[in-house]
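Asks: The lines below spell out each chain.
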Amino acid sequence: GAVVSQHPSRVICKSGTSVKIECRSLDFQATTMFWYRQFPKQSLMLMATSNEGSKATYEQGVEKDKFLINHASLTLSTLTVTSAHPEDSSFYICSASMSGSSGNTIYFGEGSWLTVV
Amino acid sequence: KNEVEQSPQNLTAQEGEFITINCSYSVGISALHWLQQHPGGGIVSLFMLSSGKKKHGRLIATINIQEKHSSLHITASHPRDSAVYICAVRGTGTYKYIFGTGTRLKVLA
Chain A
1 GAVVSQHPSR
11 VICKSGTSVK
21 IECRSLDFQA
31 TTMFWYRQFP
41 KQSLMLMATS
51 NEGSKATYEQ
61 GVEKDKFLIN
71 HASLTLSTLT
81 VTSAHPEDSS
91 FYICSASMSG
101 SSGNTIYFGE
111 GSWLTVV
Chain B
1 KNEVEQSPQN
11 LTAQEGEFIT
21 INCSYSVGIS
31 ALHWLQQHPG
41 GGIVSLFMLS
51 SGKKKHGRLI
61 ATINIQEKHS
71 SLHITASHPR
81 DSAVYICAVR
91 GTGTYKYIFG
101 TGTRLKVLA
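Here the protein sequences line up with chains A and B, keeping their order. Counting from 1, position 109 in the first sequence corresponds to residue 109 in the numbering used here; the numbering is continuous, with no gaps. Counting from 1, position 3 in the second sequence corresponds to residue 3 in the numbering used here; the numbering is continuous, with no gaps.
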């Protein structure tokens, strides 16, 4: 079945550095991918919608200069956390939607745990 | 009030028990998903519903569009079913999903 792969699954970085997280759709083309953030024991919070070949659409309150999203191809979207701070430590997860005869099905990546020290 | 409410928030069951998790929403939707999130964080989509009922193995999902309510049932529960179950809805005319806060299920052997 369709798979969305996310990498890295865990990353530790120093404050002030940048870290990139990749989200790939492995066997389908995803014109739109979504990036979420999840705090412990809370629901997923949509950060931004990544559109292939155009600028991402950010949700209110999400700093676009801090969370850079690039969707350069139909199978790859990247999220770069710039100048990371400890408060950016969180679980980040992407999803992609695939259209089918029974409607749209969403597939999620495995998620990335970011720890900023 | 959240647009997607789940109940219960936490549930502990004995192996073999029949489990029901409920999801109520207050917006018009084009689809509802039941998702499973394991402790490692990865999320798997269990069902996508727009009407009626679906069954996959020991899992059954139902939706009542008029009542804006969906249920996820697990028959003959097993410790490996322990996870967080999340209800997610896609609003009418939008590609965005709204997520419930999840139900933490623990099945004891």
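A couple of the hints might just be wrong.
[Claimed, not checked] Quick list of simulated restraints, FRET-style, between CB atoms:
#, chain 1, residue 1, chain 2, residue 2, range
1, A, V117, B, T20, 24 to 32 Å
2, A, S15, B, G91, 32 to 40 Å
3, A, G16, B, A76, 23 to 31 Å
[Unchecked claim] SDA-like cross-link-like pairs, simulated, lysine to any residue; straight-line CA separation at most 20 Å:
#, chain 1, residue 1, chain 2, residue 2
4, B, K53, B, G41
5, B, K96, A, T31
6, A, K55, A, V11
7, B, K96, A, T32
8, A, K41, B, A83
9, A, K41, B, Q9
10, A, K55, A, Q42
11, B, K96, A, Q42
12, A, K55, A, T78
13, A, K66, A, Q29
14, B, K106, A, P40
15, B, K96, A, Q29
16, A, K20, B, G41
In short, the hints are calculated from the structure, not lab data. This structure is a prediction, so every number in the text was calculated from the model and none was measured. Using N, Cα and C, we set each Cβ at its ideal position, and we do this for glycine too.
Asks: Hints numbered earlier in the text: which of these fail when held up against the supplied structure?
Replies: 1, 3, 4, 6, 10, 13
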